[in-house]
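There are 2 protein chains.
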Amino acid sequence: MTTWNQKQQRKAQKLAKACDSGFDKYVPHERIIALLETVIDRGDRVCLEGNNQKQADFLSKSLSSCNPDIVNGLHIVQSVLALPSHIDVFERGIASKVDFSFAGPQSLRLAQLVQAQKITIGAIHTYLELYGRYFIDLTPNVALITAHAADKRGNLYTGANTEDTPAIVEATTFKSGIVIAQVNEIVDELPRVDIPSDWVDYYTQSPKHNYIEPLFTRDPAQITEIQILMAMMAIKGIYAPYKINRLNHGIGFDTAAIELLLPTYAESLGLKGEICTHWALNPHPTLIPAIESGFIHSVHSFGSEVGMENYVKARSDVFFTGADGSMRSNRAFSQTAGLYACDLFIGSTLQIDLQGNSSTATADRIAGFGGAPNMGSDPHGRRHASYAYMKAGREAVDGSPIKGRKLVVQMVETYREHMQSVFVNELDAFKLQQKMGADLPPIMIYGDDVTHIVTEEGIANLLLCRTPDEREQAIRGVAGYTPIGLGRDDTMVARLRERKVIQRPEDLGINPMHATRDLLAAKSVKDLVRWSDRLYEPPSRFRNW
Amino acid sequence: MTTWNQKQQRKAQKLAKACDSGFDKYVPHERIIALLETVIDRGDRVCLEGNNQKQADFLSKSLSSCNPDIVNGLHIVQSVLALPSHIDVFERGIASKVDFSFAGPQSLRLAQLVQAQKITIGAIHTYLELYGRYFIDLTPNVALITAHAADKRGNLYTGANTEDTPAIVEATTFKSGIVIAQVNEIVDELPRVDIPSDWVDYYTQSPKHNYIEPLFTRDPAQITEIQILMAMMAIKGIYAPYKINRLNHGIGFDTAAIELLLPTYAESLGLKGEICTHWALNPHPTLIPAIESGFIHSVHSFGSEVGMENYVKARSDVFFTGADGSMRSNRAFSQTAGLYACDLFIGSTLQIDLQGNSSTATADRIAGFGGAPNMGSDPHGRRHASYAYMKAGREAVDGSPIKGRKLVVQMVETYREHMQSVFVNELDAFKLQQKMGADLPPIMIYGDDVTHIVTEEGIANLLLCRTPDEREQAIRGVAGYTPIGLGRDDTMVARLRERKVIQRPEDLGINPMHATRDLLAAKSVKDLVRWSDRLYEPPSRFRNW
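Just so you know, the sequences run in chain order A and B.
Take 1471 as the starting number for the first sequence in our numbering and just add one per residue.
Take 1471 as the starting number for the second sequence in our numbering and just add one per residue.
Warning: the hint list may mix true and false statements.
Since copy identity is lost for identical chains, a pair holds within one copy or between any two.
[Unchecked claim] Heads up, simulated DSS-like pairs for lysine-lysine below, C-alpha to C-alpha not over 25 Å straight-line: (1) Lys1487 / Lys1477; (2) Lys1783 / Lys1996; (3) Lys1970 / Lys1713; (4) Lys1495 / Lys1901; (5) Lys1477 / Lys1783; (6) Lys1861 / Lys1905.
Derived from the structure by calculation, the hints contain no laboratory data.
These numbers come from a predicted model, not from an experiment.
Sequences and hints are given; from them, build the entire structure.
In structure tokens form, the structure reads like this:
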């Protein structure tokens, strides 16, 4: 007779074995390695929680310290490879395969591991795509997660950084997997319950608080006048005519400049209440002036940001917070909102080719993209209209549109550091594809999805291009003094400019001389602190006072 | 000085007013109308939980019985308009605006309300899109939800039909909204906690159990031999060559036929373990034979299905279940999985035009589409490869692809009931658009996203078409004896058949004479019960024994 609950039985056996070894639901941190060696089977799929921000660093370190004779052949399925210990598990032979989304800080070591054939990469995903697979074919057998606090029954409080936890725990616990949580504190009563205790099998108090990276903090002092000029063009040339209200910003100084120009430049254009009211965004400190000025009505966040806790708590009309005041973030829901409920995504990239494909991949690093491909794509499953969506849809076709278009904007200076041209004939992604033996080149945003490119030279509206040739010339037409830009067909570019496919600052009524740092609502982190009524508490690395 | 927590204050005022009126967290059902009149403000955004299956019917009825002098101008934001009371709130002047996803059973009344200008439709969404907006600009002020049971502290147990609850509650409670739950039972200890009590403000025991519709049950007795022929073509002509492992099926007899052919026809082709192993799907009773035959490894579900409770509990290796044994469904995650983690969506439609656009909209009903546009779209944010995704991507372009393609299959008989041709020159959706004054025609799946059309005449592979003309002839070439089919260019269709753009049953080695009901693994609901070892308990309307 077939057994139809083998997974349940296997879990029961693991729990019984742990019980025999004296493990209760609460596990002292000294015994975590022993617990992992007890409840992780050879070949298990293991999810180590970690993403752009918080990291289950103690559990990750513990896993990497397990005896590889006992724990091995693991298949790691996790959002981000960020910590050294995330890579150590492969070097030590504990894990052999990985499916993930982003490997920023460890992208070089990852590429070396692939070269040395010590790791098999299943695939590189977007966050939402990986969560989707958690419920289909990459369901974890064991999830090692992190929360801020637990109560004595094992209910978990994530605090502001809920992030990926609900998605990971739900997939694992409801398919007979084992959930182990590290927490910073154990308290009598939690401010709120983020994960119910019966979804958690074991919890431990880690010797140190979990690591959280202030990834979304940009110091206004570093914003250049070229970035300010591009931000002015984005606001006047895109946000205003499309009436962009629901949006997401990528990470970086280019978009930080836009945020800091809302209460000044955008306000002077009469755009308050007209643009940028509703956001899917982490609580960027550079949002503070626009929030304080009443520009921004609502922000739902993927995760939190170090130092923004008290500010968020005091601005519950804007942010999603619990009754305790702290933010409830949720990466799965915010990515969903970014995909389906936002009219615009704007972000930077390292390279753009003549078809408009863009990528941040470089030839010797395997990085992945996290959420950008999801946010930066036109969702064909969207069915609701908006002014922006309809206008872009009309521009994209000659006749009457049957669907709208999401605005996907790439904002770049034509040359990046070391005088490397952003505009290229071929993306490095194709070289990396060959090196990795990957099925597809790691393109961040497909040219078909990009609607506008903003550079210091102007805006190219790719929606209005009617042929691949026009598209190429529109891209060349804003590529400045790069070889790609110099290779333009001047006559054609002039015609595209007449048709407003290309718009220069002067076409938009913007005088580049006015693009000065005086336009920034805050010129320093200290200014942000002042705007916030001293509620924002920047991490020490951002303080010079 | 600006107040930044007006929403919190407003909630506190509502709660205080309710407290003054003697309301505790537990509210006797006789007092629910009074509670609603106390905590719902004029113009509030209210989400009434309800979807394809479970309905917060008691709370909906109660809302529709409120005094319109006290409660009015509401903006309803909810998945489905399914119950008479969902429409009553508009007729009685309690609500005036709606944003929703699907209005199947009430689509006629809804159209009449629009005609009578008693309702404003914000937009019609897909489920996931509406959830996204819950976190951006359509956050509910009040959510009226339903669960199976509560404990004395107000923790909720949804049972198998978790469905939309987590998405609704999270958006509402973390933006200072009020959550009110109706439950069937109040118990001392819950089998598990699905929603923590501190996310819930009030709960009541409804006088009757909440309504649940067995929407996904198809009686095998009603499957025709034409449907069996089409199912054979889908299996041999699509599932096998693309090695479809991760998939979603639409609702209907066409796809039920595929499910019932897996253990017979597909097994005879040696496809067990090769196709259909991982699903995003409700627990269709017609899946039972394939599960029992070992075809299916995993199923994650949007919601549950009446009568499948004990079967699901006994098959926890396949389904996502809690420690208590009952299913944990989740519409948001399953839709995410359907979008990003599945290689194929296959479903039926009422009309297909010559561009391949399809719709179930008819001119006098405003129905919406629920999840189909989401599942039936090519996700440009996907970055992981699979055999199916890559093969489809290569077919779609002449050169080397930079992205793959999701398979989106429409499966229809050329004529539907009343001898109406499925293939049309213009979709009724365009007429409905005019009547509604909508921005866009309610197209269910865009022609650009459709990869294959299966009819009794054959399979058209639209990926292989290189021009709009070829595409039109490929569609005409499987449109049978409909006027559209008869209007084909025979020479061109013959050429498309040579190139395997069109494949007839004989091209696939399928003899239509073999398409008999003998191939069905179960020929009746009673057969399904037998296959299930009597664990499946069909609702009485499906029993004739």
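Hint check:
1. Taking the shortest Cα distances, Lys1487 and Lys1477 sit within 25 Å of each other inside one copy (15 Å), while across copies they are farther apart (50 Å).
2. When the C-alpha separation of Lys1783 and Lys1996 is checked against a cutoff of 25 Å, the pair qualifies only within one copy, where the shortest distance is 20 Å, while the shortest distance between copies is 58 Å.
3. With identical chains, the CA atoms of Lys1970 and Lys1713 are at most 25 Å apart within one copy only, with a shortest distance of 18 Å there and 47 Å across copies.
4. Taking identical chains as interchangeable, the C-alpha atoms of Lys1495 and Lys1901 are never at most 25 Å apart, the minima being 49 Å within one chain and 61 Å between chains.
5. Taking CA atoms no more than 25 Å apart as the test, Lys1477 paired with Lys1783 passes between copies only; the shortest distance there is 13 Å, against 42 Å inside one copy.
6. In this homomeric assembly, Lys1861 and Lys1905 come within 25 Å of each other (Cα to Cα) only across copies, at 22 Å, whereas the closest approach inside a single copy is 41 Å.
In this structure, the one hint that does not hold is number 4.
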